[in-house]
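Chains as they are written, first to last, in the working numbering: chain A, 1084 to 1415; chain B, 2 to 1042.
In case anyone wonders, no lab produced these hints; they're calculated from the structure. Glycine included, each C-beta is placed from N, C-alpha and C at the ideal position. Don't take each hint at face value.
Stated by the list, open to error - Restraint-style ranges between C-beta atoms, simulated for each label pair:
{"hint": "1", "chain 1": "B", "residue 1": "A563", "chain 2": "A", "residue 2": "E1100", "range": "50 to 60 angstroms"}
{"hint": "2", "chain 1": "A", "residue 1": "G1270", "chain 2": "B", "residue 2": "N53", "range": "47 to 57 angstroms"}
{"hint": "3", "chain 1": "A", "residue 1": "E1232", "chain 2": "B", "residue 2": "T1019", "range": "26 to 36 angstroms"}
{"hint": "4", "chain 1": "A", "residue 1": "M1084", "chain 2": "B", "residue 2": "V657", "range": "44 to 54 angstroms"}
{"hint": "5", "chain 1": "B", "residue 1": "T752", "chain 2": "A", "residue 2": "E1100", "range": "50 to 60 angstroms"}
{"hint": "6", "chain 1": "A", "residue 1": "H1170", "chain 2": "B", "residue 2": "N1000", "range": "34 to 44 angstroms"}
{"hint": "7", "chain 1": "A", "residue 1": "M1125", "chain 2": "B", "residue 2": "G775", "range": "44 to 54 angstroms"}
{"hint": "8", "chain 1": "B", "residue 1": "D24", "chain 2": "A", "residue 2": "L1214", "range": "26 to 36 angstroms"}
{"hint": "9", "chain 1": "A", "residue 1": "E1233", "chain 2": "B", "residue 2": "Y177", "range": "35 to 45 angstroms"}
{"hint": "10", "chain 1": "A", "residue 1": "D1184", "chain 2": "B", "residue 2": "R184", "range": "50 to 60 angstroms"}
{"hint": "11", "chain 1": "A", "residue 1": "M1125", "chain 2": "B", "residue 2": "E660", "range": "51 to 61 angstroms"}
{"hint": "12", "chain 1": "B", "residue 1": "S23", "chain 2": "A", "residue 2": "M1084", "range": "29 to 39 angstroms"}
{"hint": "13", "chain 1": "A", "residue 1": "E1240", "chain 2": "B", "residue 2": "P997", "range": "22 to 32 angstroms"}
{"hint": "14", "chain 1": "A", "residue 1": "S1196", "chain 2": "B", "residue 2": "R184", "range": "31 to 41 angstroms"}
Claimed, not checked - Pulled a few chain B residues facing chain A out of the computed Cβ check, cut under 7 angstroms:
{"hint": "15", "residue": "C226"}
{"hint": "16", "residue": "L229"}
{"hint": "17", "residue": "Q601"}
{"hint": "18", "residue": "Q756"}
{"hint": "19", "residue": "M757"}
{"hint": "20", "residue": "T759"}
{"hint": "21", "residue": "L766"}
{"hint": "22", "residue": "V916"}
{"hint": "23", "residue": "F968"}
{"hint": "24", "residue": "N1000"}
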Amino acid sequence: MSVELDVFVGNTTIMDEEVYQLWLDGYTVNDAVKVRMEGGVMDECEASKDVLLSDTMDQYRTFQMCERLLHSPAKLANQLLFQIPPHRQIMLIERYYAFDDTFVREVLGKKLSKGTKKDLDDISAKTSVTLKSCRRQFDNFKRVFKVVEELKGPLVENIRQHFLLSDKLARDYAAIVFFANNRFETGKRKLQYLSFQDFAFCAGQLISNWTVGAVDNMVEDMDEHAFQTLPSLRGKTKVFIEMEGSFKNLSRGLINIAAKLTNTKDVRDFFIDLVEKFIEPCRSDRWSAADMKLYLTHYTNSAHILDTFKHQVVWDRYMGVVKSCIFKMYHD
Amino acid sequence: MPGKLKAKIVAGRHLPVMDRASDLTDAFVEVKFGNTTFKTDVCPKSLNPQWNSEWFKFEVDDEDLQDEPLQITVLDHDTYSANDAIGKVYIDIDPLLYSEAASVISGWFPIYDTIHGIRGEINVIVKVELFNDLNRFRQSSCGVKFFCTTCIPQCYRATLVHGFVEELVVNEDPEYQWIDRIRTPRASNEARQRLISLMSGELQRKIGLKVLEMGGNAVVGYLQCFDLEGESGLVVRAIGTACTLDKLSSGSAPNTNTHMHPNTAPASNACNSPSKDGKESPLAHGCRSTHNSPVHSVCSSQRLSQNFSVSVPTLIFTGMGSGGSAGKEAGPLRTLLRQQTQTALEQRGASSSGLLLNAREFPFFTLTSFPPGFLLHVGGVVSARSVKLLDRIHNPALGNTRSYKLLDWNSVTADEPETRDAWWEEIRQEIKSHARALGCHAVVGYSESTSICEEVCILSASGTAAILNPRYMREGCLDIGCTDHRFEEPSPPNCGFCHIPYDELNMPFPAQLTYCYHCRRQKVPDVLFTTIDLPSEAAVAGKGCLIQARLCRLKKKAQGEANATAISNLLPFMEYELHTQLMNKLKLRSMNALFGLHIQISVGENMLLGLASATGVYLTALPAPGGIQIAGKTPGDLSSEHISSIQKRINDTIAVNKELYQINPPELAEEGVGSPIPEPRHRSRLFRSHSESSDELSELDLSHGKKDAFVLEIDDTDAVEDIHSLLIDAPPPTGFYSCNTENMPGISNWTSGVQMFTSVRVLRLSNANLTNQGLNKIFTDLCENLLKSFYFKLRSMIPCCLCHLNFTVAVPEEELIQVTVTAVAMTYDKEQTQEKTAEKPINKGSLEAEEQLQFPLELCADSSSSNIQTASKISGVGESTNMSPRVSSLERCSPLQEGRSRSLRSSRSFGGSSVTVVKMTPLSFLPGTRIIKYLGIINMFFIRETTSLREEGGVSGFLHSFIAEVFAMVRAHVAALGGNAVVSYSMKECVFMENPNKNQAQCLINVSGDAVICISETDQESSASTANTGQTGGSETDGAT
């Protein structure tokens, strides 16, 4: 005796958020049933294991059928197959596009290519995020990347409108896309201590201050013209640096980073440069975060005293971003 | 008279990619009606094409308008090869044919393909212009309204109830024709879908004609079924109740008096309708032909003789406490029943001698709930079954040249309906005679069903014998014989229907009668079984609950007549056992009445399945049920400890159930209770159940299981099993109630949460050597587990009630059992104590009920003086209730209504979301809302087939998406009609076949319901005003997205 077929379809599609999460996390039906049993849901309605299994299967099927729609969330609102209340739709989309920080940290800055996808099992093993979930997250990144790649206009807004995501999630995706597009180096050992949120913050700064708005041609957008003027600073800085050696080095480092921004290849090393040229020296000198803040503020402002310095605006734009990135990145 | 059908193809969206190279589609649309086809331009390289076509105009007869669906095919243009079909949309334009319903069909329809399912959507606008208003209903039956709802629809009132209408049409099943071997599955499925759509349309038109002939304007409780007889063909049949309905609005009220005069209306109709089918003379009004085959009045007996048929003796499920059977052997049981039938027939013959014209009339009503005062007395359930052998169609005139498309009905076919008609007529006669045996002149809550396995077909019909108030009937619709005296004494509304309609000295079966616990003037039975809904005015104690009896019986595999005989021999036993189970379970819950009883017997190759569902309730007018007592047949057989432990469990269960369902009947003063009437007959000891009369009814509450109790004998291990299985039924978890009727007894304060669902489960019996007991257990567990699943899934809705739980069982293959359930979960306000919320719905219910059936006194005055006399004779109570609600109905019918509904009509697209939320419910109402307009009947038939079963997620995945697709298509059609809900929704058919080895599966689903516009009861003004976006504007914004 075996159940050959078992379905339950509601006019309003029934979805349990807990089961949805388990599905997203890549649990198999049986594992999900186990988790739910441990969660004590059985006591709620005198349910048995069979009931739970049947319910879980139904929901998994529903989610699988919805998945196609979730790939282009705008469709979810005007499709006819499932009657889902709007707040539920938002939940479905938001959760589907949610990702694990640990996972995204691994692929951040990598090319969203088939090759990377093949390595997902390693990442899965490393991050203990299930392979299924890794694939979903990776495909999400790729999908968002593909769509916004061809769009003009502000990156975050594009993502939010096309994927109906919350502001926070749209910003995170913008960061991921930005990193992937510029192939920023984030995998070096020295950068391991940085979390995704650190990078996301920096990306946000970079996007809003150094890009014209669109994603494409991002490097050019990083205002090449402005940065080309920065090398000319190199000579002049000596004048206002009247500090000790370490300060000199730090200053030189910052200026060099700025100079490198004109070169696409070198842009990749932006973060590693920041860490190597600035953060590590400071850390070895045991600067506190407050010291750091004080230094950078004064350093930025001192440029204004220099009357020979003609690039005040560019300088502020550069230093504003660098400053906030360093603040964010200066931790253990 | 001709009409002009206009269709416009606006746009498509979400189309599938048909051209792999470009990832795009070059779509165009074919619009077909009858034999005329139009095409749109090709919209190249787009998945969201904008055609914005001209209006395609079809000039057609309204007969065709009724029969044919508008067929829209979306194709992908291919320069070098044949164009690929993307999918189709069938639009039933019937709702456009009567003025009160929808005026336009406009919206997004899912494009459906029988192989791939839904593939994108298409935006279509359809309109109909009917010419010549004056005479437009004559040739066809346009204008007759159809309702699936089994009560008088909200916002209508019935001025007259004309009675039973039935019809059936037959054709060959395209699936079984020679051509099917050479065409693709898609072509075959589409031929079938189209044929069934045509047959449904034709059936509806023919029923409509009958209604017009009777002088009615509507069919309520319309029940259409398909019999897929396989090789022998396809039968579409329908039954319903013809009524004259009035829209509740101030304008229409005066018209009815003259127009619907019961004597003149049929006559005038007869003049106008040239009765093209050559039906019986309309002069015999009040009498209706049951011959629906137009051409053949040839004697059907010859045909019949070719058919093997067994009429099954039937139990009359009535109020008797102990079943209508006696004796351990089958023989006595059957003879007893045969005798009953015979006497009943004789009685009938005697009483109706003067009413020959009515002899063919069936006083049946498919309604299950009635306005107050309509239902006078209820006798009990009457049912009849018969086993038939389906014969192959050997018609040399047709042969293989028979077109797979629709046949010309007026020429060659029609041989078959004659036979099928005769079959049903037999059954109906039997039902009628059963009803007479119970002293009743009518059958209410009537329904018919079939179960087919290979060449064997079980026809079943059941209903509730009742006495109706003749005031509301069309004259001559009922022949009131000896029961007239009943009307002399008005009965109080909250217990009157329980009073026995039959003669207590000449009872058709042994029963235990007492004086009514309410009025103490009339006799009532100790238990009452009915197929109708609980009358709204009935006095109940506590809450109701779903009670099911489940049964499996193995049978030997056999062929032909031997098989049919074997089945018919088994049937009485099954009915008897189902009845016993029901009775035991009822007592176990300390209840004394069953409503909505539905017994389904399903036949398979090697077994029969029986499933009886009903809603148990404690009627305070009936005596308190006794307990159940366990007795060992021979002491020493089983230890007395064992028996006493079982007894204790039973007593505990009863106590728990009383608590659970809050059954605390009002205490009765001892003297007030009429002492039970001494049993007029000697009563023989029964098979397994026994009931004795008692002198101490008032003690019942204190001690069940004394003399008066129901005795269960444990005579063998089977009996022990049975008792265990009784106790297996787990009560629903806290916060849940369940019933299978329209109204949940004891709960009326619904809140707005509504979740309709369909669930299908198929079990494979792997063990070939199963016993009856083992099978019973498996079947019971299957049903119980389904219920448990529902409770679990819907736990977020607590406190909630599962209403209208409709179980359907089938044996699709030898070792498979399929159970299909459709029901609705509704939330309610647990705070029953809150005076306001508790009061309001009750008021609403009664008010509505009164509105539904409001008989202007003028009508009586007009029709005949005798009517007045009857009317005044009947009701001291009735008269006064008559007056007050009438005023209120007029008050409520503001002229605004029409206008409001018009504006609401265009509310399909509002705000950001472009998809209208369409609620669905199997009930006739949606809590917290008022139906302001019925837009027409939804009756859809779909086939889905796959040749990549595994890829679609196996059988469950396949069926899951198919059911979701069916829901989506129903919602889309309702939304396109301008509606926002489907009421009285039901899934009539869900036939699933699989062949996992070939990776194939096929499923057929038939659904029906009433499309309506309903508005929230609280804020109807605001909703009406916010919904003022223009119709076309709305659809255009849709298109733009």
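query = Can the hint on L229 (chain B) be confirmed by a CB-to-CB distance to chain A that is less than 7 angstroms?
reply = With Cβ-Cβ at 19 angstroms, over 7 angstroms, it is violated.
query = Honestly, do S23 (chain B) and M1084 (chain A) meet the 29 to 39 angstroms range at C-beta?
reply = The hint (29 to 39 angstroms, Cβ to Cβ) is violated, given that S23 (chain B) and M1084 (chain A) are roughly 51 angstroms apart.
inquiry  = Verify the CB-CB distance for M1125 (chain A) and G775 (chain B) against the hinted window 44 to 54 angstroms.
reply    = For G775 (chain B) against M1125 (chain A), whose Cβ atoms are near 28 angstroms apart, the range 44 to 54 angstroms is violated.
query = Holds or violated: is the Cβ of M757 (chain B) closer than 7 angstroms to a Cβ in chain A?
reply = holds, 4 angstroms
ask   = Is the hint on V916 (chain B) kept, meaning its closest Cβ partner in chain A is under 7 angstroms away?
value = holds, 6 angstroms
ask   = Between A563 (chain B) and E1100 (chain A), is the Cβ distance one that fits in 50 to 60 angstroms?
value = holds, 57 angstroms
message = Against the range 31 to 41 angstroms, how does the distance between the Cβ atoms of S1196 (chain A) and R184 (chain B) compare: consistent or not?
response = violated, 47 angstroms
query = Should the hint that G1270 (chain A) and N53 (chain B) are 47 to 57 angstroms apart at their CB atoms be regarded as holding?
reply = holds, 54 angstroms
ask   = Does the nearest C-beta of chain A fall within a distance shorter than 7 angstroms of the C-beta of C226 (chain B)?
value = violated, 22 angstroms
message = Can you tell me whether the CB distance of E1232 (chain A) to T1019 (chain B) sits inside 26 to 36 angstroms?
response = Since the Cβ atoms of E1232 (chain A) and T1019 (chain B) sit about 50 angstroms apart, the hinted range of 26 to 36 angstroms is violated.
query = Between D24 (chain B) and L1214 (chain A), does the C-beta distance stay in 26 to 36 angstroms?
reply = holds, 29 angstroms
Minimum beta-carbon distance criterion (7 angstroms), Q756 (chain B) to chain A = Since the shortest Cβ distance to chain A is 5 angstroms, the answer is holds.
Of the numbered hints listed earlier, those contradicted by the structure are 3, 4, 5, 7, 9, 11, 12, 13, 14, 15, 16, 17, 24.
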